[in-house]
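Enquirer: In order, the protein sequences belong to chains A and B.
For the numbering used here, add 16 to where a residue sits in the first sequence, where the first one is 1.
For the numbering used here, add 18 to where a residue sits in the second sequence, where the first one is 1.
None of these hints come from the bench; they were simulated from the model.
C-beta: ideal position from N, C-alpha, C; glycine also.
A hint or two may mislead.
[Claimed, not checked] Here chain B is said to cover these stretches of chain A; the calculated rule only asks that three of the stretch's residues, wherever they fall, bring their Cβ under 8 Å from a Cβ of chain B:
| # | region |
| --- | --- |
| 1 | 185 to 193 |
| 2 | 284 to 293 |
[Claimed, not checked] Pairs of lysine to aspartate or glutamate residues, derived as EDC-like cross-links and limited to a Cα-Cα distance of at most 16 Å, are as follows:
| # | chain 1 | residue 1 | chain 2 | residue 2 |
| --- | --- | --- | --- | --- |
| 3 | A | Lys81 | B | Asp94 |
| 4 | B | Lys91 | A | Asp297 |
| 5 | A | Lys153 | A | Asp197 |
| 6 | A | Lys81 | B | Asp96 |
| 7 | B | Lys68 | B | Asp94 |
| 8 | A | Lys164 | A | Glu204 |
| 9 | A | Lys188 | B | Glu126 |
| 10 | A | Lys119 | B | Glu45 |
| 11 | A | Lys164 | A | Asp124 |
| 12 | B | Lys91 | A | Asp150 |
| 13 | A | Lys81 | A | Asp297 |
| 14 | B | Lys68 | B | Asp46 |
| 15 | B | Lys91 | A | Asp197 |
| 16 | B | Lys64 | B | Glu126 |
| 17 | A | Lys81 | B | Asp110 |
| 18 | A | Lys294 | B | Asp76 |
| 19 | A | Lys188 | A | Asp237 |
[Unchecked claim] If we take Cβ atoms under 10 Å as the criterion, some of the chain A residues that face chain B in the derived model are:
| # | residue |
| --- | --- |
| 20 | Gly78 |
| 21 | Ala120 |
| 22 | Glu143 |
| 23 | His144 |
| 24 | Asp148 |
| 25 | Glu149 |
| 26 | Gly162 |
| 27 | Trp202 |
| 28 | Thr226 |
| 29 | Gln230 |
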Amino acid sequence: MSHDHNSGPNRRKVLECMTWAGTGVLWTLTGGVPRSLGIVDEAVAAEQKGFTFLQISDSHMGFDKPANPNAKGTLQEAIDRVKALPARPSFMVHTGDISHLSKASEFDDADQIISQAKLDVHYVPGEHDIIDEDQGKLYRERYGRGTKGPGYYSFDANGVHFIGLVNVVDLKAGGLGNLGDEQLEWLEKDVKGRSASQPVVVFAHIPLWTVYPQWGWGTQDGERALGYLKKFGSLTVLNGHIHQVMQKVEGNVTFHTARSTAFPQPAPGTAPSPGPMKVEDAKLRSMLGIASVTFKQNEQRLAIIDSPLQS
Amino acid sequence: MITRRQCAILALTLPFAASVPRSARAEDAEVHIDNFTFEPAKLTVKAGTKVKWTNRDDIPHTVVSTNRSFRSKPMDTDGTFEFTFMAPGTYDYFCSLHPHMKATVVVE
């Protein structure tokens, strides 16, 4: 992949041509209130970046229902866009539901397409990834090396501490997403002794905050996790699962959910169920996509840009 | 001596007579999954009833007893799961993928 370090206008043009412009949102943590900037500012902000990674989510390889009969094709389109980015991101995080039914062939398809980006990918499982006979064995064999329990772990990159959590295991009747005591104890130890000035990014499949409990969109012990993390001046929580962009800023915590590359789901409460939403063919790609997250060095500031496959 | 007509009536009624013991057996029952909902949410059956679940959503679901007395594999669209309830009692179950989906089978 070639890197294009051309001057502003060219880069701006590239961004426009890729239809990223006008669709992204750039906002800061500093004031605690998100502030949308325009197209030009977005491009400039992207130029000033120090460190960018991508979030991809809910690939659902194997899904072939009317909401999108070709989930493989739209994942390929998303990865083609990643390959065409003028500046290479540092790595990707995948926030789960790689597969639809935890089949080896589905994981194979995902790997075959996602690997074309030639980026390291840090995975956490979604509930669709652990429904094989042995409840997650296939996932752990492929993606769980060096992780604990069902697949949680942490790592550092460019001064940022990343924590991948698993909240899709051992779900209780009537409950929401679940982290469990063992993982929470590990989390408490993981962040103990770390400087509060270190930026932290947490990623997990189901939203850690309560989006819409009637549809199970939340994590029942998410508050306890956030309690261990609240000391950090910059905390970003990235989730998937709900197949739509949703964001909330609460003090120094930024919550964000990414689009799926497979199919959209309805906004909370706007449909009889959270099932796959069939939209006009022409509209589908505007509701699928990925996100990029940029940290500016020496500033507790981050920018999340959600990019649909088509605006 | 019986008439031919009586013979015919006997022939017609015999199979029904023979089926009397079988009619004591519980009839099968069905639960459908539509829009992330088990329908009926509360199913009451006689002991010995075979219950069949059918997933009519575009997303997989499971049927998992809260006391682990039964557990289905993931059922994709139109997938089914059957379980025969032998012992009377109240069986709460849920979908392990979408745990807000809850329902009950009462066996009398």
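Enquirer: Look at each hint and say if it fits the structure.
Expert: Checked hints:
no.: 1; hint: 185 to 193; verdict: holds (count 6)
no.: 2; hint: 284 to 293; verdict: holds (count 5)
no.: 3; hint: Lys81/A <-> Asp94/B; verdict: 11 Å, holds
no.: 4; hint: Lys91/B <-> Asp297/A; verdict: 32 Å, violated
no.: 5; hint: Lys153/A <-> Asp197/A; verdict: 21 Å, violated
no.: 6; hint: Lys81/A <-> Asp96/B; verdict: 12 Å, holds
no.: 7; hint: Lys68/B <-> Asp94/B; verdict: 21 Å, violated
no.: 8; hint: Lys164/A <-> Glu204/A; verdict: 14 Å, holds
no.: 9; hint: Lys188/A <-> Glu126/B; verdict: 26 Å, violated
no.: 10; hint: Lys119/A <-> Glu45/B; verdict: 36 Å, violated
no.: 11; hint: Lys164/A <-> Asp124/A; verdict: 23 Å, violated
no.: 12; hint: Lys91/B <-> Asp150/A; verdict: 11 Å, holds
no.: 13; hint: Lys81/A <-> Asp297/A; verdict: 13 Å, holds
no.: 14; hint: Lys68/B <-> Asp46/B; verdict: 5 Å, holds
no.: 15; hint: Lys91/B <-> Asp197/A; verdict: 26 Å, violated
no.: 16; hint: Lys64/B <-> Glu126/B; verdict: 5 Å, holds
no.: 17; hint: Lys81/A <-> Asp110/B; verdict: 30 Å, violated
no.: 18; hint: Lys294/A <-> Asp76/B; verdict: 11 Å, holds
no.: 19; hint: Lys188/A <-> Asp237/A; verdict: 12 Å, holds
no.: 20; hint: Gly78; verdict: 9 Å, holds
no.: 21; hint: Ala120; verdict: 15 Å, violated
no.: 22; hint: Glu143; verdict: 5 Å, holds
no.: 23; hint: His144; verdict: 7 Å, holds
no.: 24; hint: Asp148; verdict: 9 Å, holds
no.: 25; hint: Glu149; verdict: 8 Å, holds
no.: 26; hint: Gly162; verdict: 27 Å, violated
no.: 27; hint: Trp202; verdict: 23 Å, violated
no.: 28; hint: Thr226; verdict: 12 Å, violated
no.: 29; hint: Gln230; verdict: 7 Å, holds
Against the hints set out earlier in the document, violations occur for numbers 4, 5, 7, 9, 10, 11, 15, 17, 21, 26, 27 and 28.
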